[in-house]
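Peer 1: Listed below are the residues making up each chain.
Protein chains: 6
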Amino acid sequence: MIFVSRQEHFNAAHKLFNPKWSKEKNEEVFGPCANSNWHGHNFDLIVTVKGEPEPDTGFVVDLKKLSQLIRREITDKVDHKNLNLDVDFMKDKMASTENLAIEFWKILERTLPTVSDTAQLHCIKLYETPRNFVEYYG
Amino acid sequence: MIFVSRQEHFNAAHKLFNPKWSKEKNEEVFGPCANSNWHGHNFDLIVTVKGEPEPDTGFVVDLKKLSQLIRREITDKVDHKNLNLDVDFMKDKMASTENLAIEFWKILERTLPTVSDTAQLHCIKLYETPRNFVEYYG
Amino acid sequence: MIFVSRQEHFNAAHKLFNPKWSKEKNEEVFGPCANSNWHGHNFDLIVTVKGEPEPDTGFVVDLKKLSQLIRREITDKVDHKNLNLDVDFMKDKMASTENLAIEFWKILERTLPTVSDTAQLHCIKLYETPRNFVEYYG
Amino acid sequence: MIFVSRQEHFNAAHKLFNPKWSKEKNEEVFGPCANSNWHGHNFDLIVTVKGEPEPDTGFVVDLKKLSQLIRREITDKVDHKNLNLDVDFMKDKMASTENLAIEFWKILERTLPTVSDTAQLHCIKLYETPRNFVEYYG
Amino acid sequence: MIFVSRQEHFNAAHKLFNPKWSKEKNEEVFGPCANSNWHGHNFDLIVTVKGEPEPDTGFVVDLKKLSQLIRREITDKVDHKNLNLDVDFMKDKMASTENLAIEFWKILERTLPTVSDTAQLHCIKLYETPRNFVEYYG
Amino acid sequence: MIFVSRQEHFNAAHKLFNPKWSKEKNEEVFGPCANSNWHGHNFDLIVTVKGEPEPDTGFVVDLKKLSQLIRREITDKVDHKNLNLDVDFMKDKMASTENLAIEFWKILERTLPTVSDTAQLHCIKLYETPRNFVEYYG
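Chains as they are written, first to last, in our numbering: chain E, 1 to 138; chain H, 1 to 138; chain G, 1 to 138; chain Y, 1 to 138; chain F, 1 to 138; chain C, 1 to 138.
Hints may contain errors.
For chains that are exact copies, the list does not tell them apart, and a pair is met inside one copy or across any two.
[Said to hold, decoys possible] In the DSSO-like style, the derived pairs of lysine-lysine whose C-alpha atoms are separated by at most 27 Å in a straight line are:
| hint | residue 1 | residue 2 |
| --- | --- | --- |
| 1 | 25 | 50 |
| 2 | 91 | 106 |
| 3 | 106 | 20 |
| 4 | 91 | 23 |
| 5 | 65 | 25 |
| 6 | 50 | 106 |
| 7 | 64 | 77 |
| 8 | 64 | 23 |
| 9 | 106 | 93 |
| 10 | 25 | 125 |
| 11 | 20 | 93 |
| 12 | 64 | 93 |
| 13 | 77 | 65 |
| 14 | 64 | 25 |
Hints in this document: simulated from the structure, not taken from any laboratory.
Owing to the predicted nature of the structure, the values given are computational and were not obtained by experimental measurement.
Only chain E is shown next, with the shape it has when bound in the complex:
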């Protein structure tokens, strides 16, 4: 078993705001992340899949196809977007890095078979900033 990773990136706006709470409670809990006029980040996304290298290619997965899959299914839908307003799969969810990673997992677990019969999704690693990041293993 070998683990293969591809890094992609996207730039998006978001805010952290719980609609069940008052403006004051949101500001108390989320601080400047609750700014009503939004803020944003350059996100870095690392997708890791695992499997055996195919003897004919030496590949666990064709990284060009994995890159195209991530772009088509994820970064095209979030890049230069507002994660709270523009992204179907984040509707009615807190736009936290944790929740983004979980939704990215669901999408790629469903669509990875279109680019590989044998590779399995292993990890979604998502950097919100170079110093803050999350990892999700399903």
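Given the coordinates of chain E, work out where chains H, G, Y, F and C should sit on it, guided by the hints.
Peer 2: What follows is chains H, G, Y, F and C alone, placed relative to chain E:
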């Protein structure tokens, strides 16, 4: 003469949108950067000053004081903010990286004397993404 | 279960020196790291915790609080310090990166409950240089 | 148990080409990676070993010795080389990053005891580019 | 006047070999860089242009267009190629980083007017490795 | 004219302390950098030289020779050392990054002719931390 630099960072939302143009013209010129719901970035800001090292300290400028100046005058005003809506000195200006760098220069040229009698502002370098950046020398 | 990480940094002096050994033996084993006049590093510290995102916030842990905890309990005690002479929890221990990581784990395992009821400490990753680093999982 | 890592690097040429297939089939599967005149990369290699810190040194392994081992056994054999033509242990294998990592594992698992009685090999992480990398745990 | 930069990358094979010299002389001068079976690198290319921001856009140059120009005129011609054998503009030249940067300058100086009436080429910065790089200002 | 750069690194201890001042004055001016038990850094040093590429090699300077020169004349003398106590050329000088860069310039300006007849020293760039750095052009 020696050049001394300090890097700071901030996260902000913006869009590129010229109010004199139609929505269509804006989208044609700015592409996804014109997204009406905003997008955002992790900006990295490098401020360079120049001067002679003071004999008593070996410093051109006290970098802790330069860092505090940049935070107080710039990053506190743009971090977790919307550059088009929340930032006084960007009112009625296109929120391009170029224009941000020019405004940062004006602010720091005016306020640098509060932390050093002798150092002069030399360059504002601003990364919008790790691959796109501008430099301004006044 | 999702894993959330925060990176902090500190600059410190140390040397590798076993008081049970002669100067010659120390120099033979530790090479230039045994230099009696010390040397130092910019350390990067990545703390990873794990848990379920809280529904109200989307957070496993509030990263601002985790950052404050790491600063208060660790980096304030080691930054701009001598790891052999100035740091209580390294007394009578070899100032190796391995031992530092183990001590950081003990401190954060004890104090993490002050910032989160549910998150558990998962990993301490400590870079001594960009090319040399250790990971400790308890 | 603690995990200790050392990063080394090398620059090499390779191509992806399956001799059982036609030139056309190779180009269809491998795209520009099949270019008959070769292309190349700056590879970054991170070797992780695990064990208990020795009480006398605080070390799981002497990183200088681990670095020398990696250089002698691996990077001296692949740096400024053609991975398909010049490297014994890649003969008759696809020169994929996956296969390189597996061969590096075999070499280091066999030779690690020459620098440590107690440390065990844990992971080979190999970056072909900053955005494409593999991990192998044996 | 403001300076705007865009970073692109490419992976290529090359060798340093002067056909006027013997194999021995080449190996003496160029060391492992003369390896007859080639070696290769991940090159990072930073192109800097200068000009005044246009009032309507706030841009010195549209970075998307500059990126497309660099890809079309340069990286499409060198990525996954052999710099000595496959690249027209390097024919009969030593494939050094210096000479590559000079040829890239000539190409972009000629073609930059297709994406901007006013911006001028300022610098070609080319990293052969993260530790070796050249800059050319025309 | 083309500019060629080589990056090297070293790890060292230092403190900022002016012997003409009281302990209190030193602490007031230099803060934690005055810690009497020292602190330290991983320094990154970038040396830039300029010249015309030699027709026979395509090189402004042989970077392997430049690297060996920097190691022999500088990093061997400061790596794993105490900059205040162990380094001849820093005797009786404040161990600031500015002063280090100026001393490195003097050494390399004098010794560069031993590795190149034609290249001229252009810049010493010295990172004390990833966020604090100086540049000196003679």
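Peer 1: Where does the structure disagree with the numbered hints, that is, which hint numbers, in rising order?
Peer 2: Per hint list: single violation, 10.
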